[in-house]
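**Q** Next come the chains, spelled out residue by residue.
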Amino acid sequence: MKAKLFLGFSLIFLSCYLKAQCVSDNCNSKLGTFTYLKTIYIDNTKLQDKPNMVTYLFSKGSTYMVLCCDQAIKGSRLIVNVYDKDKNLIATNKLKKKVYPSIQYPCSATGIYYIESFYEDSKDPCGVNILGFTKS
Amino acid sequence: MSEEILRALMQLFAIIAKQDDGSGDSERNFVRSFLAFQLNKAKTEEYLLLYDNYLIGKDEKPAKTAEGEDAPAPKKRRLTSVSDSLKTLTICLKINKTLAQKQKVIVLVRLYELLKANNSFTEQRVEIINTAAETFNIPEEERRAVEIFFTHADIPDDIAQHFVIIDDNADRTTKANHIHSEGLDGEISTIRFPSVNLLFTSYTGNNELNINGIPVNQSIVYLLAPGSTIRVPRGTIYYSDIVETFLNKTQANKLSFVVENLEYKFPGGKIGLRDINISESHSALVGIMGASGAGKTTLLNVLSGIETPSAGSIRINGLDVTKDKTQIKGLIGYISQDDLLIEELTVYQNLYINAQLCFKDKSPDELKTIVLATLENLGLLETRDIIVGNALNKKISGGQRKRLNIALDLIREPAILFVDEPTSGLSSRDSENVMDLLKELSLKGNLIFVVIHQPSSDIFKMFDKICVLDVGGYNIYYGNPVEAVMYFKEAANHVNCDVGECELCGNVNPELIFNILESQEVDEYGNYTGNRKVQPEEWHSSFKTNVKFPDFKEVKDKIFNSFKIPGILKQLFVFIKRDLLSKIGNKQYLLINFLEAPVLAALLSFVIRYTSRIKGSEYIFRDNDNVPAYIFMCVIVMLFIGLTVSAEEIYKDRKILKRERFLNLSPFAYYLSKVKILFVISAIQSLLFVLIGNYIIELKGMNVQCWFMLFTVACSANLIGLNISSAFNSAVTIYILIPLLVIPQLILGGAMFTFDKLNSSIGGGSGVPYIASMMPSRWAYEGLMVQQFRYNNYEAPFFDFDKNISQINNKMTYYIPELVQISTDALRLSKEKDVKSQAELKEKLAIIRNELAREAKINKDVLFNDMAYLTPKKYSSITFENLNNHFLRLNRYYNFQFIRYDLKKNLKLSSLVDSKEGQAMFQRIKNKYSNEYLEDVVRKEYVKNKYIVENERLNQQIDPIYINPPNQYISYNIHFFSPNKYLFGKEISTFWFNSIVIWFISLLLFILLYFEVLKKTLNLFSKR
Amino acid sequence: MKNCSKQRLTNFIHFGIYILIPLFALVSCGGNEEKFVEKKETEDTIQTKIKPDISAEVINNIIMSIPSPLEMATMLKDNGQGYDANLLNPSTNLIKYNTNYKVAFNIGVYSADLGYINIYEKTFSAMSYLQNIKELGDEIHIGQFFDFETLKRLATNTKNYDSLIFISTDNFNKMDAHLRTQNRNELSVLMISGAWLEGVHIACQVAKLKPNKDLTERLGFEKINLDNILVILNAYKNDKYFAQIVTEFEKLKQIYSKIDISYQYVEPETKEVNGQLVIVNKSKSTVNITDAQLKEIISEIARVRDLMIN
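Residue numbers (our numbering), protein chains in the order written: chain A, 1 to 136; chain B, 1 to 1024; chain C, 1 to 310.
No wet-lab data here; the hints were simulated from the structure.
We put the CB at the ideal spot given by N, CA and C, even for glycine.
Mixed in with the good hints, there may be bad ones.
Restraint ranges, calculated between C-beta atoms of paired labels, are given here [said to hold, decoys possible]:
id: 1; chain 1: B; residue 1: 609; chain 2: C; residue 2: 292; range: 48 to 56 Å
id: 2; chain 1: A; residue 1: 88; chain 2: B; residue 2: 834; range: 56 to 64 Å
id: 3; chain 1: C; residue 1: 18; chain 2: B; residue 2: 607; range: 27 to 35 Å
id: 4; chain 1: A; residue 1: 88; chain 2: B; residue 2: 800; range: 54 to 62 Å
id: 5; chain 1: C; residue 1: 18; chain 2: B; residue 2: 984; range: 37 to 45 Å
id: 6; chain 1: C; residue 1: 231; chain 2: B; residue 2: 917; range: 30 to 38 Å
Go ahead and model the full structure; you've got the sequences and the hints to work with.
**A** Here is the structure:
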């Protein structure tokens, strides 16, 4: 447990430090009319094979945007999936082999949702998810 | 004459008058004229009535009826005589109790005068007078003398020394002292009472004489006061002339004063005096005369030792005046032309305090006697309790001021006295008075040099010798005054040059000399050309060839010098008393000085008592933005006050110092006295300031510390002020200097401009510039700020926690990430091979090495083991990774520490605020005792770069108040706002360390003051 | 007369004794001073940090799941409610927050207030509340994310609301994350709890004045968040402060326990619109909440909130 704590801490430490290097600042602007909510850092080390999983409560009446900010290099795209509280897949940004930069989800059912992110290919991955919302 | 004497006299007159034949008209007339001589009409009548009453009251028969009757029975006479004797005795006994000896003598003389009025020196009357004289304890000799004086009997030899006869007779019939007065008809006889040192004189003859300006009445016996003059046909007879004959001529000291080939050059190089030769023995009054600019005052200054001659020597009994100063100390006195009096003191006090400094072993009563005697001699007794005042605000007349000036030096009767124009500005009567005094002093054995300008004929003749100077410092005559006139007349080919003084009137015209000297050439039209006929050099050479000096035997006896000045401690005491009295006397001074501080404090704190209206209308100390500025302004204000109070101190005294330099008083005592008084003033001022300022602005809990620091600062300002005061010669210069001394302290105090934002040649960076460390303001400000932050009731319990927590947080948040950045940069640079990159790499690795070493000193738990790899050659990505791991471990270590301290602090905090009251009290204390803006300042809240690279180190800029200084012997050069410092290896609070520094600076300033360094440096510059 | 000078001297000395010394005493005594009365430290109060009952990972996940108060504020605004500054926690309460816990909780409270202010674009108040948050943040050493330069820039650039929102939110997130990297998760928990409570409270007060269906429903759905928050608060219930909050929130939970939430899943459709992926959601969730229950919730929330911010 302590080791995990230490590692987790260290990774975040490093990743926070490293973030500046790969993600451009104008990624936020891609939100457009959506209001910024949070940045989801994807901790990607070779030790963890599990995709990054974050929970959030989506509320009825709002539309949420999950934005992928990555290096846009083929083969290193960031994939994001959204599941409901029962782990039903609600949305994904990869449709028919095309990777979209964002998902828009107008919520009609308030509840906990899971946002899962991973890389297509683990070669030098680097990126974050940005979450935004607006009124439906 | 006092009322008491008059009453006694009336009684005695009455008794005497009714002896024998009873009182007659002649007696009554005598009494009336006697009274009229000194009183106004009303009082005359009053006392006359008293006399009548006494006559009537004691007689069975009214005096007037005595005429018709024949001589009453002798038996009756004797009876009345006896009872009258008793009455006389009673009165005399009463008189003994109330009158002083002098007054009794006067009474006696007046009694005799009564007899003389009627010329009835009957047995009974004389007997009564004798009774009186005996009762008065008048010595027998004097009693006999006075009787003879009045009866004009022959003077027996044994009491002849008490008489002086002035007449035109060359033959002497008695052994009495004699003064020859040409052309005097009859004689003036004078009697002296040695026991009380009184002289009485009367005249019998046909001339019309004046005594003190009043026509002489032959039936009156005059009391001859010092300075009196008697106008005789051929001139004037002075009191001192008469006294001279009475005085004993044995001299304890044999003195010789020799000036040989004296030359003096001014600082600019111009020659002020050339080839002066003077030789004098004791008992002489020498006049120094000359045209304006001839060099009279210069000569005086050189002779007295104030200036050093450039050639030649001045010797007193073989001792050189400039070289052997210690041995001749106390022998020389110098009375300057300006009056050197202390304005706020009375005449008596001025003289008394001066006396205290001149005489070592005299008791206060003895001193009082001497002072009173001196005052009396100079005719200042009546004015003794009047405040001297200054030239603009005179309380005593100019003549009296001058006389007091002379009294100050006269009191110790220096063997050689130099007087600069004692008569300037005085009336002719006052002038004569003064010169008479000096003459008397010279008769007693002193050698006196007097610079005199346009003397009257009488004064001119008083001099034993005169020394005449011409423009350029040439000595053109040295010898007897009257002969001088003759010499010049001859040189100028005047008519009757063998006549010195006027035959008829005895007048000499000294102006003649100068007219001759300065006579100008006349052109063909008869106009004056403005060129002198004869140049000074010509006069000088003429003098040298024509006038011969008598042989002078220089005496080299050791001088008995009774001059002893009191010890340093006593001097100190006297200086303090003098200063204190003078200051207390000046109400304006007191008022301004003691109001200055509180008024300024009130102004300052009132104006900046800011209430931020966001949080309500109540004043909250915590939210007052201006508190750091207030603290700084307090320091600056006290600096100003301290400087202005002291700036004029020594300058004010400069005249007095000039005079006292001949006393060789201890400069240490003098300076110390000044310092002590100023310190007391500073203490009071800072007290008032702190009380009012801190009260209004509600700075709590720090009053004593504030007072002490401001007092310290004011004292150092006092010493700066004293230094300027002693060095500069005009008040204006001194005051102009004050901004020059205060503004740098304002700039470099550390408040207006922070030290890290200065010109890089002065400062910048994390240390304090050296120049700022010379400013007391910097130390005071830092001391107060740190003290307030650290020890206020809010922060004090938590300071150590806050310190540790902040430091750890800073390490984690700024320090370590910065190091990580540097190591990453190093990695990048290590891959580049150009020279610039390699140099940068070297620097960066040096920083890392130094910082790891520094860290290792304080933190032994997390160490880096691969220090050897931190060189440009060996630095690789592996090293980088190791380094980063180390940093991570370090970070984790600090995180752990952080949590620990944080927990402790919060536990303590929780325990204090666990109740509603606790919570409320916490807020109150926070609001009342701490100030947010002060915290921001000492924590450098807004500094941009929290750590900066300096000299291959990474130095912390943020939170200076939390940085522990390195353990040094003396922390003289550590960062600003350090929480504590080290002195001699021991930890000491910043406040005390800084106070000690300022006191140290003050001590240095005192040493500078004592050695007059500033003054000497300035003189050095002016000489160039 | 010599007496005159002696008299003056004695006067002076008397002045010194009778006036100056009492003044001096006044100076040093300092009147009625207030000081902290410190309790003696006993050995057994040696502190160990509270260990949470559940794993840090779980705590983190829950924290991340609580929605930002911005959402609630936006909803209020979009529903036509006006800005009401009285709903917010006033700045004057700032001085009351002294312990870590109080500070952390109220950072959350002020952050929620800030979100509300930002949505209504009240820049002046935004600056003031940002200042409050910074002050509180400095107290627990997480204020460094507040770039003073940025603040200055913001102060002058009043029209940049998006920027303001971004900075406010980003800052909050950073502070929160930092706490967790520093093993101070308990403070993070408090922050989130405070933010949540304040957000709900504002909504409640608006609902009180101007009830509407959407708002009521939203407040009902807050049950989910409450449950989650209680989980993380309970993790630290060994601590007195946390225990106290838990007690209060439990009362709230009681009220909410009578409210049911139902969820119905329908498979969604994914569409491409203008190069963006848009999901068409058909799932539904409902909450049944009566007016009486709403009233209870409103008053309870108000009571707890009042307790926490004072």
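**Q** Hint by hint, say whether it matches the structure.
**A** A quick look at each hint next to the structure:
1. Between residue 609/B and residue 292/C the beta carbon distance is about 54 Å. The supplied range of 48 to 56 Å therefore holds.
2. Checking the proposed 56 to 64 Å range against residue 88/A and residue 834/B shows it holds: the Cβ atoms sit about 60 Å from each other.
3. Checked against the hint of 27 to 35 Å, the C-beta distance between residue 18/C and residue 607/B comes to roughly 32 Å, which is consistent with it.
4. Between residue 88/A and residue 800/B the beta carbon distance is about 57 Å. The supplied range of 54 to 62 Å therefore holds.
5. Checked against the hint of 37 to 45 Å, the C-beta distance between residue 18/C and residue 984/B comes to roughly 41 Å, which is consistent with it.
6. For residue 231/C paired with residue 917/B, a C-beta distance near 35 Å keeps the hint of 30 to 38 Å intact.
The structure fails none of the hints (numbered hints given earlier).
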